[in-house]
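> Each chain, letter by letter, is given below.
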Amino acid sequence: MTNARKALRGVLGVAGFLLVMEALGRTGIIDPYLIPLASTILTGAARLLTNGEFLSQVGVTLSSCAIGLLLAVAVAVPLGMAMGTVPAVERSLRPLVEFLRPIPSLALLPLAMFLFLSGEQGKIALIVYTSCWPLLINTLYGLRDVDPLAKETLRSFGFGSYDVVRLVSLPSAAPFITTGVRIAASVALIVAVSVELVAGGDGIGVFVTQASSGNRRDVVLAATLWTGVIGLLVNSLLAKAESRLFRWHRARAGEEAL
Amino acid sequence: MKTIVSRIAWLWILPVVLVAWEVSTRAAQAVYFPPPSVILARLHELWFSGPAAHVFLTDEAAHHLLPSLGRLVAGWAGACLVAIAAGIALGRSAVLCDVFSPLIHFFRSVPPPLLIPIFMTMTGIGTPLQLTAIVFGVSWPVLLNSLDGARYVDRQYLETCEVFGISRFRRLTRVILPAASPKIFAGLRISVALALIMMILSEFIGSTEGIGYRMLVAQSELDVPTMWTAIVLLGILGFVLNAAFLRFERHVLTWHRGARKTD
Amino acid sequence: MLEISDLTHSYGAYQALGGVNLTVAEGELVCVVGPSGCGKSTLLRSIGGLLRPTGGRVLVQGRPVEKVPDDLAIVFQDYSRSLFPWMTVADNVSLPLRRRGGDRRSRDTAAMEALEQVGLPAAAGKYPWELSGGMQQRVAIARALAYKPALMLMDEPFGSVDAQTREDLEDLVLQVRRSSGMTIVLITHDIDESVYVGDRVVVLSKSPATVVGDLRVELPEPRDQIATREHPDFVHLRAEVGRLVRGMRSGGPAAAETGAETGAEAEADSPELDPATAEPAPVAPKA
Numbered sequence: 001m002t003n004a005r006k007a008l009r010g011v012l013g014v015a016g017f018l019l020v021m022e023a024l025g026r027t028g029i030i031d032p033y034l035i036p037l038a039s040t041i042l043t044g045a046a047r048l049l050t051n052g053e054f055l056s057q058v059g060v061t062l063s064s065c066a067i068g069l070l071l072a073v074a075v076a077v078p079l080g081m082a083m084g085t086v087p088a089v090e091r092s093l094r095p096l097v098e099f100l101r102p103i104p105s106l107a108l109l110p111l112a113m114f115l116f117l118s119g120e121q122g123k124i125a126l127i128v129y130t131s132c133w134p135l136l137i138n139t140l141y142g143l144r145d146v147d148p149l150a151k152e153t154l155r156s157f158g159f160g161s162y163d164v165v166r167l168v169s170l171p172s173a174a175p176f177i178t179t180g181v182r183i184a185a186s187v188a189l190i191v192a193v194s195v196e197l198v199a200g201g202d203g204i205g206v207f208v209t210q211a212s213s214g215n216r217r218d219v220v221l222a223a224t225l226w227t228g229v230i231g232l233l234v235n236s237l238l239a240k241a242e243s244r245l246f247r248w249h250r251a252r253a254g255e256e257a258l
Numbered sequence: 001m002k003t004i005v006s007r008i009a010w011l012w013i014l015p016v017v018l019v020a021w022e023v024s025t026r027a028a029q030a031v032y033f034p035p036p037s038v039i040l041a042r043l044h045e046l047w048f049s050g051p052a053a054h055v056f057l058t059d060e061a062a063h064h065l066l067p068s069l070g071r072l073v074a075g076w077a078g079a080c081l082v083a084i085a086a087g088i089a090l091g092r093s094a095v096l097c098d099v100f101s102p103l104i105h106f107f108r109s110v111p112p113p114l115l116i117p118i119f120m121t122m123t124g125i126g127t128p129l130q131l132t133a134i135v136f137g138v139s140w141p142v143l144l145n146s147l148d149g150a151r152y153v154d155r156q157y158l159e160t161c162e163v164f165g166i167s168r169f170r171r172l173t174r175v176i177l178p179a180a181s182p183k184i185f186a187g188l189r190i191s192v193a194l195a196l197i198m199m200i201l202s203e204f205i206g207s208t209e210g211i212g213y214r215m216l217v218a219q220s221e222l223d224v225p226t227m228w229t230a231i232v233l234l235g236i237l238g239f240v241l242n243a244a245f246l247r248f249e250r251h252v253l254t255w256h257r258g259a260r261k262t263d
Numbered sequence: 001m002l003e004i005s006d007l008t009h010s011y012g013a014y015q016a017l018g019g020v021n022l023t024v025a026e027g028e029l030v031c032v033v034g035p036s037g038c039g040k041s042t043l044l045r046s047i048g049g050l051l052r053p054t055g056g057r058v059l060v061q062g063r064p065v066e067k068v069p070d071d072l073a074i075v076f077q078d079y080s081r082s083l084f085p086w087m088t089v090a091d092n093v094s095l096p097l098r099r100r101g102g103d104r105r106s107r108d109t110a111a112m113e114a115l116e117q118v119g120l121p122a123a124a125g126k127y128p129w130e131l132s133g134g135m136q137q138r139v140a141i142a143r144a145l146a147y148k149p150a151l152m153l154m155d156e157p158f159g160s161v162d163a164q165t166r167e168d169l170e171d172l173v174l175q176v177r178r179s180s181g182m183t184i185v186l187i188t189h190d191i192d193e194s195v196y197v198g199d200r201v202v203v204l205s206k207s208p209a210t211v212v213g214d215l216r217v218e219l220p221e222p223r224d225q226i227a228t229r230e231h232p233d234f235v236h237l238r239a240e241v242g243r244l245v246r247g248m249r250s251g252g253p254a255a256a257e258t259g260a261e262t263g264a265e266a267e268a269d270s271p272e273l274d275p276a277t278a279e280p281a282p283v284a285p286k287a
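Going down the list, the sequences are from chains A, B and C.
Count the first sequence with this note's numbering and you get residues 1 to 258, in order.
Count the second sequence with this note's numbering and you get residues 1 to 263, in order.
Count the third sequence with this note's numbering and you get residues 1 to 287, in order.
Bound-form chain A, shown alone:
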């Protein structure tokens, strides 16, 4: 019952927001030329669903994100496992990580544009670079959370260190890694559209650039609306998967950033 009420309030909030925007536009308080009417944006958004070009551009952006994320997982998680289980590796690499991590990924964009002949590859490279950090940090964080008693229990039963990693460390770090994937996914989307806006190629960013140079603000905002919806969906799906898969453990990983 409380959930239904909550949902109802949320719906009212969204509807109210749209109505207010519509009214502000219609009465001319907000120039409908600058920000199109809510109704215009919504119908535009509905039309985009049958717009083949838009859909294929969305596909490009999402596939870049997915490829970049997979590569990042393949790089960052093993690295994090190595750092988290062998203290010497962690101590050696830590300063490097601390120096590289805060570098804003977009600062590397001009370099990536030089290095990769295809814009697609440069985009993916930047996505990998950005997504690696939250994954790495969360993996490390998760490994630090492993109960030493659990490890010692296994050792006392004669398991080797490989088994300890496989049977204890990885499962206990898994919720944190999943949180890392969720954070990385939202970051990846931001980096992907940024690269598309600046460097061109294909993707939602390019679609938006074209629409805005054709002065179709309604289309720009409609495309932005869908991108937000996609981001929201991906995030809540991953969050749901997290809480479903790891009911035994509520990951406390801080939302480590970009």
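Hints are computed from structural coordinates only; laboratory data are not their basis.
Hints may be right or wrong, so weigh each one.
Stated by the list, open to error - Computed cross-link-like contacts, EDC-like style, restricted to lysine to aspartate or glutamate with a CA-CA straight-line distance of at most 16 Å: (1) A/LYS6 with B/ASP98; (2) C/LYS148 with C/ASP190; (3) C/LYS126 with C/ASP91; (4) C/LYS148 with C/ASP171; (5) C/LYS67 with B/GLU162; (6) C/LYS148 with C/GLU116; (7) C/LYS148 with C/GLU218; (8) C/LYS148 with C/ASP71; (9) C/LYS67 with B/GLU159.
Because the structure is a prediction, the values reported are computed rather than measured.
Here the structure of chain A is known, so what remains is to put chains B and C in place on it, guided by the hints.
Only chains B and C this time, still in chain A's reference frame:
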């Protein structure tokens, strides 16, 4: 003493990487990877060889570096203050929370770069664009986290306030704000990185000054060392901001780590 | 000081309090015991004004309770969530004193005095989480003392500390009561504790709770953890309270011998007392 020495000793990887970079780029004659020595020389010449009266900043640096920094700090700080205040106000009311949460979650999920073209048509090119972009990028995660933090303040804290008749103002500043601060800081941490991204991007797309703009010019002129100086500067900026932020957070949230450890 | 008449409270369909009547005189230390989940906390929260009961009346100093009365302090069971971890011990104690007026210095002195009373003057500059559980609860008590309430409510104040600390804190409460003359209502599920600390022990039935026993404790003062607990009256009272808590009829041989028990008429024909009809208490929903 010994710990300091050993801590510094663990930084061995940094000089090793630098030397390796220097040697390998010299050997390979890589066009896009100038040796660090070249980058450093250019960095000095381009940005930091100015008169002592200007803290050694060159005109170039004053023209590009300072506006970037000013907009970054002003936009970030302003947006954070407003977002924290709004988040706490909303978070203290269950109804407002339910009404606004879906909207805020949605805006939080929109990749802020996509709105830069729209902002540009509203503000034109220049400082207003950068500020708008940074403010929009920063606001949502901070708002969301502040709202969350204020909403889930432990009921017993509030009951304690009620029992001891602590005034509304003091309840807000001495209890709700500190109780929400771990969450708020989580939002702020994300916002620092987002602010940097939005600064660079909006300078790439719509500016005639700033580090990002200068970087893109260098790239289009195939002036690789200058481009690298901008990368290094942005890297340093990111590093310094992050370090300063973490230090601040550690200072403010000492109690949080202490209290958690003993739980 | 405190008058409760026909107090009832329900959480939805679940009735926690089934008509509680209780009067506490000025300066009394009354312990309320009852089986777990019987609505003791609901009763305390109704007295404290943290909860609006669905029926009945609570008067504190003759005035009906609508919000938290000015002259009332509560010591909660969970000290870690009632002391603010971001403030020092001294700030925690002095924060509520702003309501009492006075400048910063007088507040600080009052806080220090209270901390001295609980034996923790050295902890003033520390943070609560740097102290042990028992010390944190002492700080919570000091905060209530500094506030100088006319009525102090304690909700299972020693439920979360170890046995040794518990005894120390019980003695602290007795000492505080002696020196301040404050009226105290202490809620506990521990029968020994209620007899050891209280001037009166009020026994609640399983929910819906009613008062099924009201016994005056007349033990030699000052009370002592070893001697008092050996005292035959203590042993008999404890047995008596134990029987009442378990829902058995009082007036067994032990009670008859001592005659220490007084208000037994209250439960004479309460159906709740019959173990055969008593239903298992559902767990009170914590809103």
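> Please go over all the hints and tell whether each is borne out by the structure.
Do the hints match the structure? See the list:
1. A/LYS6 with B/ASP98: It holds: about 6 Å lies between the C-alpha atoms, which stays within 16 Å.
2. C/LYS148 with C/ASP190: violated, 27 Å
3. C/LYS126 with C/ASP91: holds, 10 Å
4. C/LYS148 with C/ASP171: violated, 19 Å
5. C/LYS67 with B/GLU162: holds, 9 Å
6. C/LYS148 with C/GLU116: holds, 15 Å
7. C/LYS148 with C/GLU218: violated, 27 Å
8. C/LYS148 with C/ASP71: holds, 8 Å
9. C/LYS67 with B/GLU159: holds, 11 Å
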